[in-house]
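A.B. asks: If you're matching them up, the sequences are chains W and R in order. So the first sequence is numbered by UniProt numbering: it starts at 1 and just counts up by one. So the second sequence is numbered by UniProt numbering: it starts at 1 and just counts up by one.
Heads up, a few of these hints could be off.
Simulated pairs of lysine-lysine, DSBU-like, Cα-Cα distance not exceeding 30 angstroms [unchecked claim]: (1) R/K127 - R/K116; (2) R/K84 - W/K110; (3) W/K120 - R/K116; (4) R/K127 - W/K184; (5) W/K120 - R/K84; (6) W/K184 - R/K68.
Label-pair ranges, simulated between beta-carbon atoms [said to hold, decoys possible]: (7) W/D186 - R/R114: 31 to 37 angstroms; (8) R/P97 - W/A72: 40 to 46 angstroms; (9) W/W50 - R/E102: 44 to 50 angstroms; (10) R/K84 - W/T67: 48 to 54 angstroms.
Don't read these hints as lab results, they were simulated from the structure. Bear in mind the structure is a predicted one, so any value in this text is a computation, not a measurement. Glycine included, C-beta positions come from ideal geometry on N, C-alpha and C.
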Amino acid sequence: MPFSTGAGFDVALMIPRDGYDSNDIWGEDEVSNRLANDFSSDSLVLEREWERRHNQFHTIGYRDGITAGKEASAQGGFNDGYKESVHAGYCWGLVRGISSAISSFPDQLKEKLTSNLANKDRFQVLLESTRAISSNDALQIFYRSLQQNGCGNSDVLVEDCSSSQLETHFRELNHILNNCPEIKVDLGLEVIIQLYRWRWEKFYSHCQT
Amino acid sequence: MEPGTTISTDFLESTVLLDQTQYDEGFRDGYRDGMDSGKEEGREVGLKHGFQVGEGLGFYRGCVEIWKSAIRIDGNSFSSRVQKRIGELSELTENYPLSQPENESVQEMMDAIRLKFRIISANLGVKLEYEGNNLTNASKQDLEEI
Numbered sequence: 001m002p003f004s005t006g007a008g009f010d011v012a013l014m015i016p017r018d019g020y021d022s023n024d025i026w027g028e029d030e031v032s033n034r035l036a037n038d039f040s041s042d043s044l045v046l047e048r049e050w051e052r053r054h055n056q057f058h059t060i061g062y063r064d065g066i067t068a069g070k071e072a073s074a075q076g077g078f079n080d081g082y083k084e085s086v087h088a089g090y091c092w093g094l095v096r097g098i099s100s101a102i103s104s105f106p107d108q109l110k111e112k113l114t115s116n117l118a119n120k121d122r123f124q125v126l127l128e129s130t131r132a133i134s135s136n137d138a139l140q141i142f143y144r145s146l147q148q149n150g151c152g153n154s155d156v157l158v159e160d161c162s163s164s165q166l167e168t169h170f171r172e173l174n175h176i177l178n179n180c181p182e183i184k185v186d187l188g189l190e191v192i193i194q195l196y197r198w199r200w201e202k203f204y205s206h207c208q209t
Numbered sequence: 001m002e003p004g005t006t007i008s009t010d011f012l013e014s015t016v017l018l019d020q021t022q023y024d025e026g027f028r029d030g031y032r033d034g035m036d037s038g039k040e041e042g043r044e045v046g047l048k049h050g051f052q053v054g055e056g057l058g059f060y061r062g063c064v065e066i067w068k069s070a071i072r073i074d075g076n077s078f079s080s081r082v083q084k085r086i087g088e089l090s091e092l093t094e095n096y097p098l099s100q101p102e103n104e105s106v107q108e109m110m111d112a113i114r115l116k117f118r119i120i121s122a123n124l125g126v127k128l129e130y131e132g133n134n135l136t137n138a139s140k141q142d143l144e145e146i
């Protein structure tokens, strides 16, 4: 039973290892060298063909992969972006809504609400400067404030609270409202807290990376 | 089976395997790059959409709060029918899930808010629109395009 692998007999051991490795008793090396020379152009063609197929299948795979990868991550990216901007947009919307609604009232009601002429004038100024900023402008201002924030250092975070034009308007709104006891506005405190919570989370994630 | 047939089948199998390996390798590279670009593109659309949704809701909420203040200081400033509608709009804006972009009812709720707001504005005979009012649907479509 020369080829049996049972009973501790190993096929590999049948081959004399020294002779097998060092002597080319069948002259195979010589033949293969000759073949290589004769058909070097063929091997070049094969190599090109291999490369062509490689590129072809790799490219198809890459395209499918891009699509699948985008599908897998787009919603997550969308949610991140949304959470980053929605509360800032909300605060800006409040400025627009409050100043617009007050301006639409007849003078008598406007005066009752704003308590004094100074407040009434401040609302008018706020309204005009808010109207000068289109929705698209507001979005661009917001983008710029995000970019300025991007480096994640603590000074910038603090500075940001006073840097954005949108936030300046929001702060002015708060100042006027504090002087107008007749206007009781529930700004949705939860929303404002969310805005700052998001900032802090972002800040902490920057610290960790 | 003829010995020749076996060899050629094996040869084809290895070619197919090689093609599959190259496809898989490409897929892996593409998936990684797609994840990065999808996340970034999604974020950009999300930033725009979130800001616009927030701006819209803040606008409606701001108007509602001022109307409610006016009703508090002068109950006759608006008719009872309008007052009732303002109360309904107030509730709608409070219930809007501002922090849940994936909530399926957001579009329906925003439409209801917008409609109620327009009815009240018409009742009051005032024009309180701003040009960003109708932009929010556009960025949702942007996401579907990615």
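A.B. asks: Give me the numbers of the hints this structure contradicts, sorted from smallest to largest.
C.D. replies: Hint check: 7 and 8 fail, others pass.
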